[in-house]
Amino acid sequence: MFGLNLIPPMVRTALAMLIVGGLMGYAGTAFTTTLVADSGILGGGGESNDAHKYMMALLKREADSLSQLRPAADVVSRALDQQNASQQAQDVKPLSVTYLGGSSSGRLSVHIYAVEIQAGSGQYQFFPLALTIVGGKVVRVE
Amino acid sequence: MNNVRAALILATFLGGLVAGVAIYAVTDKGTDANPYATLPRSAEPAVTADVARALSTDDARGLANQLDMEVLQQLHSAIEPLTDIRSMKFVGAVEKNGRTLAAYVAGGRTSDGTDVLVGFVLRVTGDQIVGVN
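Line by line, the protein sequences are chains A and B.
Numbered per the numbering used here, the first sequence finishes at 303, counting up by one with no gaps.
Numbered per the numbering used here, the second sequence finishes at 131, counting up by one with no gaps.
Hints may contain errors.
[Claimed, not checked] No more than 27 Å apart at the CA atoms, straight line, and that leaves these computed lysine-lysine pairs for BS3-like:
no.	chain 1	residue 1	chain 2	residue 2
1	A	Lys254	B	Lys94
2	B	Lys87	A	Lys221
3	A	Lys254	B	Lys87
4	A	Lys254	A	Lys214
5	A	Lys214	B	Lys87
6	A	Lys298	B	Lys94
7	A	Lys214	A	Lys298
8	A	Lys298	A	Lys254
9	A	Lys221	A	Lys298
10	A	Lys254	A	Lys221
[To be verified] Under 10 Å between C-beta atoms, here's a sample of chain A residues computed to sit facing chain B:
no.	residue
11	Gly164
12	Leu167
13	Ala175
14	Ala240
15	Val258
16	Tyr285
Calculated from the structure, these hints are not laboratory results.
What you are looking at is a predicted structure, and each value in this text was computed from that prediction instead of being measured.
Note that beta-carbon positions come from the ideal geometry of N, C-alpha and C, so glycine has one too.
Here chain A stands alone, though its shape is the one from the complex (with noise of 0.2 Å):
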């Protein structure tokens, strides 16, 4: 079959182990850079991708990336963070957000941040904002 059989069975094997190899290489891999940055083994310092992915949400005020991030909510709790995302200022310019660090211990992690924002009345802010993730979902934003 796909004139395989023309490949001397030494080659197919050899060809076959390295398939296998790299497959097991890359799989192998992935699991493992997934499950240390989720269980924080290493520390977990590093910045969490959900983390990361709620801040953008929050800034560009796309309430659909937002709920998706939070934990499963009733159709009105979700109504209504669309009517705040849309009364928001729309002329709110992030100027800087800087991820301070964090820290997990098993599916529960914090990550803080420092954020500067210019309103468009000029008026200036810079806050933090601490987000806890629980199994990939953000339950606290403080």
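Start from chain A and add chain B according to the hints.
Same frame as chain A, now just chain B:
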């Protein structure tokens, strides 16, 4: 001949394994890039380090001496629902226009014995803690 063949098979498998790891390392994008500017990190302010130490050593007298009542109440709200602090980690600080934000993560237990982590940020102006978030 069999030994040579076994060694060759093992070598190709290991070669594939290494190539798989390398391909993942090259193709993994990790976290998307931050489209906004970032501020340079600053060192942990001494005044916030003292507060963190007092919190982690359960030193209520030290906290009372270092913070006024308004800031203490903000700190109380910020660390809720923690009632028993067992670890304190300084995670980073940034400074802008004379205002410093020093971030900490406290670990411990709630009143019902649940292990939790709580993040809070001490706001510093002129070597004085002026607020807690």
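**Study point:** Restraint check for Lys298/A with Lys94/B, where alpha carbons must lie at most 27 Å apart
**Key:** With Cα atoms ~31 Å apart, Lys298/A and Lys94/B exceed 27 Å; violated.
With chain B as the partner, please determine if Ala240/A meets the hint condition of a C-beta pair closer than 10 Å.
For Ala240/A, the interface hint is violated, since the closest Cβ of chain B sits about 28 Å away, which is over 10 Å.
*asked:* Lys254/A and Lys214/A were given as a pair; does the straight-line alpha-carbon distance stay at or below 27 Å?
replied: Holds, because 18 Å separates the two Cα atoms, which is no more than 27 Å.
Hey, does the Val258/A contact hint survive, CB to chain B under 10 Å?
-> This interface hint holds because 4 Å falls under the 10 Å limit.
Interface hint compliance - Gly164/A to chain B, C-beta minimum distance less than 10 Å: Violated, about 21 Å.
query = Does Lys94/B lie within 27 Å of Lys254/A when you go C-alpha to C-alpha?
reply = holds (17 Å)
- prompt: Is the hinted pair Lys87/B and Lys221/A satisfied, with a Cα-Cα distance of at most 27 Å?
  reply: violated (30 Å)
For a C-alpha distance cap of 27 Å, please report whether Lys221/A and Lys298/A respect it.
holds (18 Å)
Given the proposed pairing of Lys254/A with Lys87/B, does the C-alpha separation stay at or below 27 Å?
-> Violated - the C-alpha atoms of Lys87/B and Lys254/A are around 31 Å apart, more than 27 Å.
Classify the hint on Tyr285/A as holds or violated, based on whether any CB of chain B lies nearer than 10 Å to its CB.
Because about 9 Å separates Tyr285/A from the closest Cβ in chain B, which is inside the 10 Å limit, the hint holds.
- Assess, step by step, whether the Cα of Lys214/A is no farther than 27 Å from the Cα of Lys298/A, and give holds or violated. Between Lys214/A and Lys298/A the Cα gap is close to 11 Å, so the pair holds against 27 Å.
query = Was the hint right that Ala175/A lines chain B, CB cutoff 10 Å?
reply = holds (4 Å)
In summary, the numbered hints that this structure violates are 2, 3, 6, 11, 12 and 14.
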